[in-house]
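Full structure from sequences and hints, please.
Chains A and B, in that order, give the protein sequences.
The first sequence begins at 69 in our numbering and counts up one residue at a time.
The second sequence begins at 2 in our numbering and counts up one residue at a time.
Note that these hints are calculated values from the structure, not bench results.
Covered, in the sense of this in silico footprint (three residues per stretch, anywhere, with C-beta under 8 Å from a C-beta of chain B), are these stretches of chain A: (1) 167 to 177; (2) 184 to 191; (3) 221 to 234; (4) 266 to 280.
The calculated SDA-like cross-link candidates involving lysine to any residue, where the alpha carbons are at most 25 Å apart (straight line), are: (5) B:K44 - A:D190; (6) A:K306 - B:G96; (7) B:K44 - A:R185; (8) B:K55 - B:G125; (9) B:K309 - A:R169; (10) A:K306 - A:A348; (11) B:K44 - A:A186.
Not close to chain A: a few residues of chain B, all C-beta gaps over 10 Å, as computed: (12) V48; (13) T49; (14) D206; (15) R214; (16) N216; (17) E285; (18) D368; (19) R376; (20) R378; (21) K380.
In this text, a Cβ means the ideal position worked out from N, Cα and C, and glycines have one as well.
These are the residues of each chain, in order.
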Amino acid sequence: VTGSWHALAPTLAAASPGATAARIPAPVLRGVGLLTGWGDGPPGLHSGLPHGARGLVPAPTPALPGERFRRATRECLLAVAATRAAVTDAGLDPAALAGDRTGILYVSATGYAAANRAFLEDEASTTLHFPYTSPSSVPAEVTIEFGVRGPYVNLMGGAPAALQGLWYAARWLATGAADRVLVLAVEAVHEVRDLFARARRLYRGPLVEGAVALVLDPGSAGEIAWASGVATGAEAGKAVADVLDAVLAGTRPALVVSGASGARLRDAEERALVRGAPAATGWRLPGEPLALGPLAALARARATAAALPWLVTATWQNDYGALLWGGGLGGGGRC
Amino acid sequence: VSDAILITGAGVVTPIGQDLDSFWAGLVTGVSGISEIERFPVKDLRVTRGGEVKKLLRAPAVRSGEDDGWPDCRASRFLVHAAREALDTAGLRTGLPSPARVGVVIGTALGGIDDAERAVRGEGGLRSLAGALYDGPTRDLARWLAATGPVLAVSTACASGATSLGLGADLLRDGRADVVLAGGVDVLCRFVQRGFNVLRSLTRDLVRPFDRRRNGLLLGEGAGVVVLERARDAEARGHGGSLGRLLGHGSAADGVHVTAPDPEGRGLEVAIRLALREAGLAPEAVDLVSAHGTGTSANDRVETEVLKRVLGRRAHAVPVNSIKAHLGHTMGAAATLEVIMCLLAARHGLVPPTLHYGEPDSDCDLDYVPNVARRLRPKVALSTSLGFGGCNAALVLGAP
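Right, dumping it as structure tokens:
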């Protein structure tokens, strides 16, 4: 390869359309499990971060009984515990997730980092450690615990990846590939907090740890729309506006949960929302929850019984994404 | 037909060749890319061989002021190299649509692991920290392409390179992009060689998929990237030479063990049936299977059992091959490289062999195309993949 990474840019035609949103029938948000540094359950999101929180807001490690969890990593324990909470919130028996009609979609930006670092630094590591360096070990423990054997995808990245995950989950339900989908996000940073402290430019701190699980069922009303794009350089503001225009397409959301970080993206987002969502209630999740953010936003929106539709936006590095949730709600935010 | 997903271009980096022609020539003539590993220390490990890319023939340009952001990440360089060939074969080097209409979906089992090694040693600053994330190489490719459409990083372990193609096709079907570059990548490094070493999954012998003597895998490295387009878009730009069609994708969880496959292969069976359903095809339509075929006792037995259940009485009549003995197990790249193998088989009317096959196993009693390429032009191929975490994926591919 002889070109720089700019080499192809001049060959891109400028006349084609920009971002477009995909639309699909909305699923029902039947259950929520939320174990994070904000505190367990959506009420923790109302109180924000602990006073003086800096650097990292840790999540307590769940104590799960049984020999099988003796060697599982903290992120695996968080995942299983959040799933249990979501199943309880949904009013389901845990066996309701078993079988090949339940799909699982796992999202994380950091859920492998601690295990990877431990294996890199300890030449005496054994067979107990290496399997858990794979990101798929986290959802694997959930599938084993609950007998999930349906469609299965893991997406790596921050908050925009969680929007991608929600989209594909809705797609499985809409196409009949699954009858129920567990969308799961886990972030565990404590063991690598020194590395992330060196990378503060990548995120808006403090980092919030934890796990969020959503149980989604097929819906019969409303739709969701998703769009995303890379927002960088001089065109970043336009990219943000294009994504929001594509997702909203004239729809006025009642609630906006902003995940935009960085002054330039925040300003661009606010300008676009003044046009597209002038009457919406707006709030921002405290701290940097990475892939937890969009799922936690939906959890809180449901808990507050906010009017539909909801707009959830997300950023991670140069990615910007937006999801319009106009779907059904199950339960009542009991968790 | 207008909604069909075409594979209009492909590119590779492998231990047996760094372009489609040399990759194909190596596959059909039985070249093995396995050798002593030279790029990192292995003397203390039980197994010291793998499918190593000795030298990336056309390395990215040395940094200049213009491309100052180019990472040192080996996985990213593999991806760029493969993507460049994929764009060439698709006729898109000078004709990509607008940046917002170009998507990137890359699967990986290890992400930017060599950057992670640097970051943990305290080297490389912010660049190595960002590159160490699993989505680092995917972002680097998107940046090289100047693509601003959807960017997805997939990690379903060694099934990643299949899942990425399935999600990429969905982006096109949903109208989220007009061109998607999808594929897989992973690099051989001490981290993963040591990991499989402690698991005792590596063989000191030859890799012998489906053979009675098989006793483990060897790792490899590489990248495969394909260009996906809707048929109507490819036709509209006058591209008439697609490599094939991506007809269906399925994935499923085992829910049994963190590393070992389900002994009954239930997840793999679900993935295959979902892929066939999306393709709108019955199992009888399949006339080639590109198996995961790692050469481990469990994997090859489970795959054989599942193929017999899905294909039924025709199972013994359908050729099943594995190219792991040529390349080593290239992890996140494996499935994409196997897809490209299937497409080239349809183009050339020749199916690459399974190398080092000599002694039949009563548990593995299908037609594995032993040692010699076979004249056959598959119309519909099934590609199967399994990975850590109980990940299973299947793709159904159609000839052009």
